[in-house]
Amino acid sequence: MLLELLQISPLLIVTFVGLLTMLVGAFAPAGSFKGWLGYLTGFGFLAALVAIWWLWDRTPVAFESPWLSNALRFDAFGLALMAVIAVGGLLTTLTAIHYLPAQRSDHAEYYSLVSFSVLGMMCLVTANDLLTLFIALEVMSIAVYILAGFKRQSPYAIEAAMKYFILGSFASALLLLGIAFVWGVTGAITLPDIARVFAFGNVEEGLGLEGVAHLGMVLILGAFAFKIAAAPFHMWTPDVYEGAPASVSGLMAVAVKTAAFGALARVLLTCFGDDQFREGAASWETLVAILAVVSMFGGNLMALAQKNLKRVLAYSAIAHTGYILIALLAAPAVADGTLTLNALGAGLVFYLLAYTLANAAAFGVAAAIGANDNEDASDPSYSGLAYRHPALAVVLTISVLSLLGIPVTAGFIGKLTIFSEVLQSPTGDYLWLVILAVINSIISAYYYLRIIVVAFMKPEVQPVETVTSRPLGWSLGLAAALTVILGLIPSSTLEVAHEAGRSLVHSTTPGLIGAAPVDKAALPSSAAAPRPVEAETALKDAAQEVARP
Amino acid sequence: MEALAPTLATPGGGIALLTILVVTPLLGALLLAFIPGDQKTAHRGVSAAISGLVFFLSLPLLTGFDATEPGFQWVEAVPWISALGADWRLGVDGISLWIILLTTFLTPLILIGSTSAITERVREFCINMLILESAMIGTLVATDLLLFYLFWELMLIPMYLLIGIWGGKNRLYATVKFFIYTVVGSLLMLVGVIYLRLQAGSFDYADILAIELTATEQMWLFGAFALAFAIKVPLFPFHTWLPDAHTEAPTAGSVILAGVLLKMGTYGFLRFALPLFPVAMGEFSPLILILSVVGIVYGALVAFAQQDIKKLVAYSSVSHLGFVMLGIVALNQTAVEGAILQMINHGISTGALFLLVGIIYERRHTRLIAHYGGLAAITPVFTTLFLIVTLSSIGLPTTNGFIGEFMILSGTFAEGLPVVRELGLGSWPKLVVLMTVLATTGVVLGAVYMLTMFRKVFFGPVTHEANLEVKDMNGRELLVLAPLILLIFFIGLFPNFFLSKMHASVAALIDRTEPIVEQVRDRERLERRGMAADAAPDIRVAPRRAVADAQAR
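As given, the protein sequences belong to chains A and B, one line each in that order.
If you count the first sequence from 1, position 27 lands on 244 in the numbering used here, and the numbers rise without skipping.
If you count the second sequence from 1, position 532 lands on 524 in the numbering used here, and the numbers rise without skipping.
With the rest of the complex left out, here is chain A (with noise of 0.2 Å):
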């Protein structure tokens, strides 16, 4: 018992921390300071880092009860990305601080939702079955949803939070509505489980039992589509990036894009890796194929014609989104005759990260720049930046170049990987895809060089004045520093992320892949699991259901 808290220490924590905040944050008296139950949110998740730190030679994380390890799986994937979130959440963190005093939104709530938030997110990435992989999200995305339309006398961060409230409902309805389908048609919850069918459960041709997994996965995709920004269903973007608190878009645009990410790749991976998804005509690689294009076109055009900061970075977000729907791409692992599985390279796990530290300190500066109650991020409002506040130009420089993708920045290093990736498939079916990745980077140059464009070269509008805030300047400088120290020694860091991509294959699906190994630590958990025959017994039951009018 105790051994299994440790193993979840990094949830415990943050939960801790959020409970905590909450209770000391009432008895705290109005318009006080709050800042100081940010240093301990932050240190709660440094806490967390030091415990995913602790867990990583222990992966996979072996539960001595089933309920646990039919919920959570901490592989090194989940870990790695878990470790991603904490980071997010500690820079977008640190920002807020003073951030929010001087956005007179000085709140303890505050922090005890963004621990709340990323407890989901923690539990999204690391989910095993498809009902924690809802809750979690639930989690996540009602904090987010009140994080929106946390300066609530404003009215852009009210429009915010019902914006993205509706639409967001609206995509977990899609999210259980696919879960149903494919529980329905499986009888199985847990993702091991539901591959195991696929492939070996014989699901009844005849009865459109097929057509109906089929359907789920489609919606599971939309769902998450929505919560990746993907174009087309990217529109709530913009207006929610600009409208709420920067230090939101911020964890929006890393934290909540990196959970989405990894549980999208677990289900996508895993759950759909069988060829009856993977190929064909509305195969989940066609749509994730067509999802990267729109997004990536549908982003970068759109980017061109903001004049405003936190637009500019909501588009090149959706942009982000496609370059990453890239790396699912990658070339599928080798496997045995049954079953084939998609494999992670490290293309995701160290783009997202990449891309988490590049938008944190991007975020970062626009909230910087929203001194004395400044909520606008447009042009003038940032012109001229290097006279006055040489650093956070610099800073808003590095993380723009990294978004940019160019070299002696991570995020340079992360299309490498990820394109390199994609191009190492032996087919090379997606040479066309990487093509247009590169001439959407060439487009996106023009709107990023604005950025630097408007900060160091156009003379100021006004005095332009900043949150002076130690803490918002830790955050900027670890953020601009891990940015360009991943783009030049990035080798460590990608080993870890290479071995979190691969994980995901072999302990997900223990045993069923000739050429990985065996995972003995997962056995447990696929011992408790209905058998093949059982499944299909299951199935039947399920078929007749579906079949009875």
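Among these hints, one or two may not hold up.
Mimicking SDA-like on lysine to any residue, the simulated pairs with C-alpha atoms at most 20 Å apart in a straight line are [as the list claims (entries may be wrong)]:
#	chain 1	residue 1	chain 2	residue 2
1	B	Lys169	A	Tyr604
2	A	Lys675	B	Glu112
3	A	Lys524	B	Leu164
4	B	Lys161	A	Tyr604
Calculated directly from the structure, the hints in this document are not laboratory data.
Since the structure of chain A is provided, determine the placement of chain B on it from the hints.
Chain B in isolation, oriented as in the chain A frame:
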């Protein structure tokens, strides 16, 4: 320092000389960041001292260079990103040696020369220049493709800021245009780099040289690489960013752009496009020949029509780099050596021209030819220096320009293009002769526009009273220009000192690639290809070394 000298002087003597050269300017930039922003003199002094130190440190390259060794010298290889197969690999050979020295030589001169031109944000300027120097040296010494790409892209950012912050009126347009143009080329090159990496298993230049590529692969990859290089050169019709960038850039930016950055394109052709994709180079060389000759003539004609001195010099760059490209496609010992020498010459003469234009601009704040006239009587020293540099740019014998252009033209004329050397290939050989003749007229046109400009600016009556007040050159400006003037004559009189160091490397390059290029349009091969297109996949053309290796095994 003396204790180090013997080790530094020997190639690979245990001291990572090239790494030191790449890193020193970066460390200097870091140092500058800690000096308070208002101490402008300190920034100028420290940055000039650091770049001077880098020049001093680069001298062992010259003294210790083994002219008989065709391969890389001072080789360094340290694991870097092992997960991607990229290493920190550096090396120098006869092709890159002089361009590296040109870089380390020009940078301190530029930093000293821009003392009076750059008075705002001096610290940022100096940091930019030092980072740029580091990136340029890195690009030239990298023998790992990813490392090369990294430095190649890194050159962009400081240059972008240099034009965008310290540039002229229309600087934002110019700098964004510059960046977008170059980024278009280099990102497509990135796809090529990744493809080569997947084929070769590492980014190491030697490994990549050893892989066999089919003719089709070579075509596509060459397209990706050559576009990046052609934009940088700039080869006609990719040159339109250059006049804008040159005109809007501050003097320092123009000098570094003309002096070194443009050479990266031609260097890229020699180092990568030619040896890695000889078949494609053969296929494309008639096209490149035509484009470079069009560039020579077009650049000269447009330069003739310019009202702005700086724009005139910018277009003359298009013309001069056409000659360099001509020498590269001619692909014989004389022409290629001429091309490399011409890169250096262009860096020196055009660099000096931009410096001189900058000096007069500081005094009169105009660059229009019509605003000058009769300066010869007012500023005799300035006039003399301008004349020397003009003559060098035209290619007068005893100056450097003559040697380079003469070698390129005679080499091309005597041997033609390797691709069309086979007899009975229709009108191709005649085309080459025609093109060489046209290119030669470029030399004449060069004299026409340069001398016309010179006459209008320096001779005739003084038409503007303000010109009477113009002061002649001061000591600092003379100090900056004197080394350049000396070099103009030194190269013109003793070209062999420079050429001798290139012989081995150029010969090896030509030995490797020329036979392959030569057979590209070989009749039999064309026929075989016609048949192959029907039946079999592409013929693999093995680079010579790979064949030799196979035989040895």
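Taking only the CA atoms, is the gap from Lys524 of chain A to Leu164 of chain B under or equal to 20 Å?
Given pair Lys524 of chain A, Leu164 of chain B holds - Cα atoms ~16 Å apart, limit 20 Å.
Hinted pair, alpha-carbon criterion (20 Å max): Lys675 of chain A, Glu112 of chain B. Please report holds or violated.
holds, 14 Å
For the pair supplied as a hint, Lys161 of chain B and Tyr604 of chain A, is the alpha-carbon distance within the 20 Å limit?
holds, 19 Å
Decide if the proposed pair is consistent with the structure: Lys169 of chain B and Tyr604 of chain A, CA atoms, cutoff 20 Å inclusive.
Between Lys169 of chain B and Tyr604 of chain A the Cα gap is close to 24 Å, so the pair fails against 20 Å, i.e. violated.
Going down the numbered hints, you'll see the structure goes against just number 1.
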